[in-house]
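Just so you know, the protein sequences line up as chains X and H, in that order. Letter 133 of the first sequence, counting from 1, is numbered 133 in the numbering used here, and no numbers are missing. Letter 137 of the second sequence, counting from 1, is numbered 137 in the numbering used here, and no numbers are missing.
Rather than coming from a laboratory, the hints here were simulated on the basis of the structure. Everything numeric in this text was worked out from a predicted model, so none of it was measured. Just so you know, even glycine gets a beta-carbon here, dropped at the ideal spot from N, CA and C. Any given hint could turn out to be false.
[Claimed, not checked] When the alpha-carbon atoms are kept at most 35 Å apart in a straight line, the in silico DSBU-like pairs for lysine-lysine are as follows:
1. K65/H <-> K44/X
2. K44/X <-> K320/H
3. K248/X <-> K155/X
4. K60/X <-> K257/H
[As the list claims (entries may be wrong)] Calculated from the model, a selection of chain X residues having no Cβ within reach of chain H, i.e. all distances over 10 Å:
5. A125
6. G162
7. R186
8. Q292
9. T377
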Amino acid sequence: MQNQTQQKNSIPLWRDERVLNILGQAAFAAALILLALIIYQNMKAGLAKQGITISLDFLKGLSGFDISEFSFPYDRNSSYWQAYLVGLVNTLNVSILGVLFSTILGIILGVARLSTNFIINRLAAFYLELVRNLSLLVFLVFWYLGVFLKMPRVKDALLWPGDIILTNRGVGIPWGLPTASFPTFRLILLAGLLLALIVFFSLRAHGKRTGRPPLSLLWSLLAFLLIGAAGWLILPEAPLTLDLPFVKGLNLSGGKILSPEFMALTSGLVLYTSAFIGEVVRAGIQSVSKGQVEASRALGLNAFQTLRLIVFPQALRVIIPPLTSQYLNLIKNSSLAIAVGYPDVFYVSNTIQNQTGRAVEMISMVMATYLLFSLITSALMNWYNQRIKLVER
Amino acid sequence: MRKTLSILSVLVLFSLLLAACGGAQPAAPGETVTVKETVVVTVIAPAAPAVVAPAGYGVTLETVKTRGNLICGVNAQVPGFGYVAADGSFSGFDVDYCRALAAAIFGDPSKVEFRPVTAAERFTALQSGEIDILSRNTTWSLVRDTELGTNFVHTTFYDGQGMMVPTDSGITDLAGLEGGTVCVQTGTTTELNLADVMAANGISYTPAVFEDADKTFAAYAEGRCDAVTTDKSGLVSRRTVLADPAAHVILDVTMSKEPLGPAVRHGDDQWFDIAQWTVFAMFSGEEFGITSANVDDIKSSATAPEVKRLLGVEGDLGLKLGLTNDWAYNILKLVGNYAEVYNRNLGPDTPTYIPRGYNSLYVDGGLLYAPPFR
Ligand SMILES: N[C@@H](CCC(=O)N[C@@H](CS)C(=O)NCC(=O)O)C(=O)O
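Use the sequences and the hints to build the structure in full.
Here it is as structure tokens:
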């Protein structure tokens, strides 16, 4: 012990590994900061020569342009900042729907790929190979110019069962129109959500105690639906009335009209990403060794129980990390919206940049936005990953 | 292993640093600087102008001369103005202006490199020094003249925004578009005018906005929109490449003023003067009846002092611009006067015929009027 301290003290500073490490790191950081500063100064000097300064004040100015799709009131009298938000919400819409649908489709594809049914198996394999080897940009433009703009014109609109109207001006689907009792109904739904959470956690706690995990997700979903249905029936007036789409003159009206740009982008992203997710899911399932299944069956668990309690929890551990990067890909890939004319945050920021000349500011904002989206997604997925990972004793 | 790696990366960083310093040597006032061409990565990072060519009096001409050619930002999708053919050759009214400028500088109209830029890319390309001049049906406006860091030289084409609809739609005026959809291109004055005019007339509509002319007009052709809007010249031009040009009409409305002309970066007044007087030389060529065919004759026989000064027979006007004295002679000889360039690209014998209208000389009732050459 004494000997050791003695030895440590005798090492001169310039040969002490800890000191050297710290110095190395510091030098690295200093170089990095210096480089960033030089680049920034260089840029500022260059811009100043042309009388351009860097500031975000311009965001308050009147935008002066219209945007084709917005989730909150927007027109040419709104500010650039509001225009930016319109784009941001559009990106969020596409990303959330994209993640949701590509996960569902991806799981189906992954399982189909492992199916013992020859045709299903081959079909899934064909699809995965085809899509994974395409360029996403080409794929999106194909969906836009080749599919959604090739839909029939409004005057010969295609009617699908379920009151869906297909035209090259957009796809009309039935939609709920909120009535006076809708606010109350929203509260009821909130209560339902709360109940569902209670059901979920108490069932899980119960499962932990008894060692027989029940289908907690299913039961909590049922609880939610039950409350929702009860609320719908009890209220004097239905909270939503059905609004059907119809053809009005040159355009579609009523219901919810999904623009060809939105449809092309979302379906393109979903179909593309789901192919990758399919492979992730397949690899995850295959990573669980056969012995696990055999042991589980030997213990008397049936096929479904084996899948739910033995295979899936283990596969998930392999699936989650690559799945996260697929989600991140999807979110970042949504910036290709510009190619099909969908006003996502990148597209709108481009327009703003163009009308104001604020390239540096807009690009910085867009980068910060995507970084934020990605960090939030990773944080959520990491949290989930942490929860499901093997608890080693 | 890890340590070697981190040491390596520090080394790499330092060498980068040194490179960065070397590239950004500040210029002392009055010193002539030769600037390396900067390459701009568009689309993903629309050129944070990090390594801007130091602008200043005389810098651009010097750069262009050392490089040996002019880099001109042009349109690639609008026949008659700026269009790239299948064999990669450029043609059009705005393209010929670039050739005239090259003729003025080098005495050789082929010393131009054409860079196609979309509406959205053009100002960044100019700001960052990727192009020396922008000649791409660009509208002169106050914001562009100030905040976008560009200076517009004299207008070469007076235009106005129009609206095109399929003939069988029966639409005859803007009010007919109530509740409809209009295809428009982003990054243009067009999208701003559209919003202005529709709001002012209380017409509700939905825009469908695209990144370049090809997509805008493809969507229109597919029936995505009830109408498409841009400069009237753009409409005439793009109509010629629609499947059935006769099935589309340009409405008899003018939604805005669109003075189109070349633009340069802020900060180099000499370059601005050269660009501007190239335009005036072409105007004056038409005014004095000097064409590429007769310029040699006129040069040897001219008696009018202004014609002599223009052609460099008398005085040293070219030297004052920092060029040679035969700069205007070269423009007129090698590219032609305004009327020749106009007729070559937009005249009655071309598919993109546009009557001269405002774009006639003032003596013919138009707006083209060059200051005196003296
Ligand atoms: N003059 C307007 C509009 C010019 C413009 O960009 N027009 C379109 C439509 S004809 C165009 O040239 N597009 C070609 C392209 O993006 O390559 C402006 O300066 O903003």
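Against the structure, the hints:
1. A distance of roughly 27 Å separates the Cα atoms of K65/H and K44/X; the hinted pair therefore holds under the 35 Å criterion.
2. This hinted pair checks out: K44/X and K320/H have alpha carbons roughly 33 Å apart, not beyond 35 Å.
3. Simply put, K248/X and K155/X have alpha-carbon atoms about 10 Å apart, close enough for the 35 Å limit, and the pair holds.
4. For the hint linking K60/X to K257/H, the alpha-carbon distance of about 27 Å falls within 35 Å, and the restraint holds.
5. With a minimum CB-CB distance of about 33 Å to chain H, A125/X clears the 10 Å threshold, and the non-interface call stands.
6. In this structure G162/X is separated from chain H by more than 10 Å, as the shortest Cβ-Cβ distance comes to about 24 Å.
7. Distance check on R186/X: its Cβ is at least 29 Å (rounded) from any Cβ of chain H, clearing the 10 Å threshold; non-interface status holds.
8. In this structure Q292/X is separated from chain H by more than 10 Å, as the shortest Cβ-Cβ distance comes to about 36 Å.
9. With a cut of 10 Å on Cβ distances, T377/X stays outside the contact zone with chain H, its closest approach being about 20 Å.
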